[in-house]
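> Protein chains in written order, with my numbering: chain A, 1 to 84; chain B, 1 to 84; chain C, 1 to 84; chain D, 1 to 84; chain E, 1 to 84; chain F, 1 to 84; chain G, 1 to 84.
Calculated from the structure, these hints are not laboratory results. Treat the hints loosely; a few may be bogus.
Said to hold, decoys possible - Below, a list of computed lysine to any residue pairs in the SDA-like style, where the Cα atoms sit at most 20 angstroms apart:
1) F:Lys48 with G:Leu62
2) A:Lys45 with G:Asn25
3) D:Lys45 with C:Pro82
4) E:Lys48 with D:Val58
5) B:Lys45 with A:Leu10
6) B:Lys24 with C:Thr53
7) A:Lys48 with G:Ala84
8) C:Lys45 with B:Arg13
9) E:Lys45 with D:Glu59
10) F:Lys24 with D:Asn25
11) A:Lys45 with G:Leu62
12) C:Lys45 with B:Ser3
13) D:Lys45 with C:Thr4
14) E:Lys45 with D:Ile5
15) A:Lys24 with G:Asn25
16) E:Lys45 with D:Asn25
17) D:Lys24 with E:Thr53
18) C:Lys24 with B:Asn25
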Amino acid sequence: MASTILPLELVDRCIGSPIHVVMKNEREFTGTLMGFDDYVNMVLKDVKEYEVTPNGVVETDLGQTLLNGNNIAMLIPGGRGPNA
Amino acid sequence: MASTILPLELVDRCIGSPIHVVMKNEREFTGTLMGFDDYVNMVLKDVKEYEVTPNGVVETDLGQTLLNGNNIAMLIPGGRGPNA
Amino acid sequence: MASTILPLELVDRCIGSPIHVVMKNEREFTGTLMGFDDYVNMVLKDVKEYEVTPNGVVETDLGQTLLNGNNIAMLIPGGRGPNA
Amino acid sequence: MASTILPLELVDRCIGSPIHVVMKNEREFTGTLMGFDDYVNMVLKDVKEYEVTPNGVVETDLGQTLLNGNNIAMLIPGGRGPNA
Amino acid sequence: MASTILPLELVDRCIGSPIHVVMKNEREFTGTLMGFDDYVNMVLKDVKEYEVTPNGVVETDLGQTLLNGNNIAMLIPGGRGPNA
Amino acid sequence: MASTILPLELVDRCIGSPIHVVMKNEREFTGTLMGFDDYVNMVLKDVKEYEVTPNGVVETDLGQTLLNGNNIAMLIPGGRGPNA
Amino acid sequence: MASTILPLELVDRCIGSPIHVVMKNEREFTGTLMGFDDYVNMVLKDVKEYEVTPNGVVETDLGQTLLNGNNIAMLIPGGRGPNA
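Excised from the complex, chain A in its bound form (with noise of 0.2 angstroms):
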């Protein structure tokens, strides 16, 4: 049987990797995860963020940002975000 793994045991694998994170209010994140908490809030580094618009995906680059873990929908470890 494959081996179980536990939600916090997978986020802490992607410490130091590059990770994709979708809010609960449909806006989307990847970035290199730097550390988290017991409420998954992240750190995350060389952030870009994609937002959805009429005119298709808009990318900023953030750097390095904080976000909120009660607003994150689902964590894709390794993903390299909507455009990928």
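Please build the complex by placing chains B, C, D, E, F and G on the supplied structure of chain A, with the hints as guidance.
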């Protein structure tokens, strides 16, 4: 009388099996359940996302994904998604 | 005076019986209650989903399903759904 | 000075009596209160639901019903609903 | 320096007096405060409800009413409602 | 280095002084802060409410008012409201 | 391996420095961080508010401001706002 099944028991039985997840914001996912915690945050692999758009259901492959438990509306063990 | 019934007592009495569930996002379900926990997360089997659309109520068979308790608006023991 | 009435005291006095319940999503119900818990989840019998639609208020008989306390906006002891 | 008034002190002083309550969903009420609890769930009597509609403010008499504290946006001691 | 100011310290310093409050539902208030509790529920006096309408900002005098802390988006010590 | 940074550590490092804050209701602020608490309620000085309107981004100077932590979506240390 049919035996009672507690919610977390049902989720636990799904580890290693396909599952269909419907979020509160109407996004839907299928994948194989790898693990979960007490808040029913869930780690899935081989994930497919289904987004209902005016032009029908758009499917996206996501690979391994962590879903935020407080955003989940319902789980269908063995479910194969909205197109099934 | 009619005897008092506590909410979780009522739910407990429904185990093994049909129940109609209305969610906060207006989705409705019928099915047989298999189990529940203190947060009234509920396991149902033989589940039918009812979605109100401009062209009337669309029914979908889901089999066994786990519903997130904090998304439930109301429960109708023995209820046979919106088309009944 | 008028005697003070605590909220749960008021609800307790309503057991066995008619009550009008308005939910946060604007759905309204009348029925006889059978019981409630500390979260003011409520069991009602002989329940009538009132849904405000463009063509006026639609009434539906539901029989016995459990209402989720965190979705309740207000209670009117002895209230006979929006058409009264 | 003006003496400090704590929120629950202010509510306590209003017992037996008229009060104007504005809910988060924009419904407004006036009435006499009969009692409240730590969650500021409130029992009012001689209650009048004010609903802002396209054709102006509609007033409805409700008698005794229990308001859910977590749905209250603000309280105006002695307030006589939006038409005052 | 500028001295650090903790949120509740800042609010405490405002007691007896004018303050501008912006709620999550975009309603705005000015008034003199009389007191507050750990949830930042706030008692204000000489309160003016500002409602942004299609025809500009409508001001209403409310006198003494209690604002629900969990509905507050931000506080501006000494602020004189949106028209200042 | 890059050193891990915990969310509250990152915020702590920002004290006395410029920071860009994006709220859940899409309002944005820049200012110098003066202090914060465990709920990430934040005290900022020299605050500028950015509101996205049909006619572009409107900037308003607010001076010292307290932001409610549970309304914050994300923080960008050293960020100079949406027009940068």
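> If a hint holds in the structure, say so; if it doesn't, say that too.
Status of each hint after checking the structure:
1. Of the supplied pair hints, the one linking F:Lys48 and G:Leu62 holds, its CA atoms being roughly 18 angstroms apart against a limit of 20 angstroms.
2. Between A:Lys45 and G:Asn25 the alpha-carbon distance is near 24 angstroms, which puts this suggested pair outside the 20 angstroms criterion.
3. Among the hinted pairs, D:Lys45 with C:Pro82 is consistent with the structure: their alpha-carbon atoms are about 18 angstroms apart, no more than 20 angstroms.
4. Pair hint E:Lys48 plus D:Val58 does not hold up; C-alpha atoms about 24 angstroms apart against a cutoff of 20 angstroms.
5. For the suggested pair B:Lys45 and A:Leu10, the alpha carbons sit about 11 angstroms apart, so the restraint of at most 20 angstroms is met.
6. A distance of roughly 18 angstroms separates the Cα atoms of B:Lys24 and C:Thr53; the hinted pair therefore holds under the 20 angstroms criterion.
7. Among the hinted pairs, A:Lys48 with G:Ala84 is consistent with the structure: their alpha-carbon atoms are about 15 angstroms apart, no more than 20 angstroms.
8. Note on C:Lys45 and B:Arg13: the hinted pairing holds, with a Cα-Cα distance of about 15 angstroms set against a maximum of 20 angstroms.
9. For the suggested pair E:Lys45 and D:Glu59, the alpha carbons sit about 27 angstroms apart, so the restraint of at most 20 angstroms is broken.
10. Taking the CA atoms of F:Lys24 and D:Asn25, the gap is about 19 angstroms. The hint holds against a cut of 20 angstroms.
11. Distance check on the hinted pair: A:Lys45 and G:Leu62 sit about 29 angstroms apart at the alpha-carbon level, beyond 20 angstroms; violated.
12. Only pairs whose Cα atoms come within 20 angstroms are accepted, and C:Lys45 paired with B:Ser3 is accepted, the gap being roughly 12 angstroms.
13. Our distance criterion of 20 angstroms between C-alpha atoms is met by D:Lys45 and C:Thr4, whose separation comes to about 11 angstroms.
14. For the proposed pair E:Lys45 and D:Ile5, the alpha carbon gap of about 10 angstroms is at most 20 angstroms, so the pair holds.
15. Between A:Lys24 and G:Asn25 the CA atoms are separated by roughly 12 angstroms; this keeps the pair inside 20 angstroms, and the hint holds.
16. A hinted pair counts as satisfied when its Cα atoms are at most 20 angstroms apart, and E:Lys45 with D:Asn25 does not qualify at roughly 24 angstroms.
17. A distance of roughly 18 angstroms separates the Cα atoms of D:Lys24 and E:Thr53; the hinted pair therefore holds under the 20 angstroms criterion.
18. Taking the CA atoms of C:Lys24 and B:Asn25, the gap is near 12 angstroms; set against the 20 angstroms cutoff, the hint holds.
Consistency with the previously given hints fails for numbers 2, 4, 9, 11 and 16, ordered from lowest to highest.
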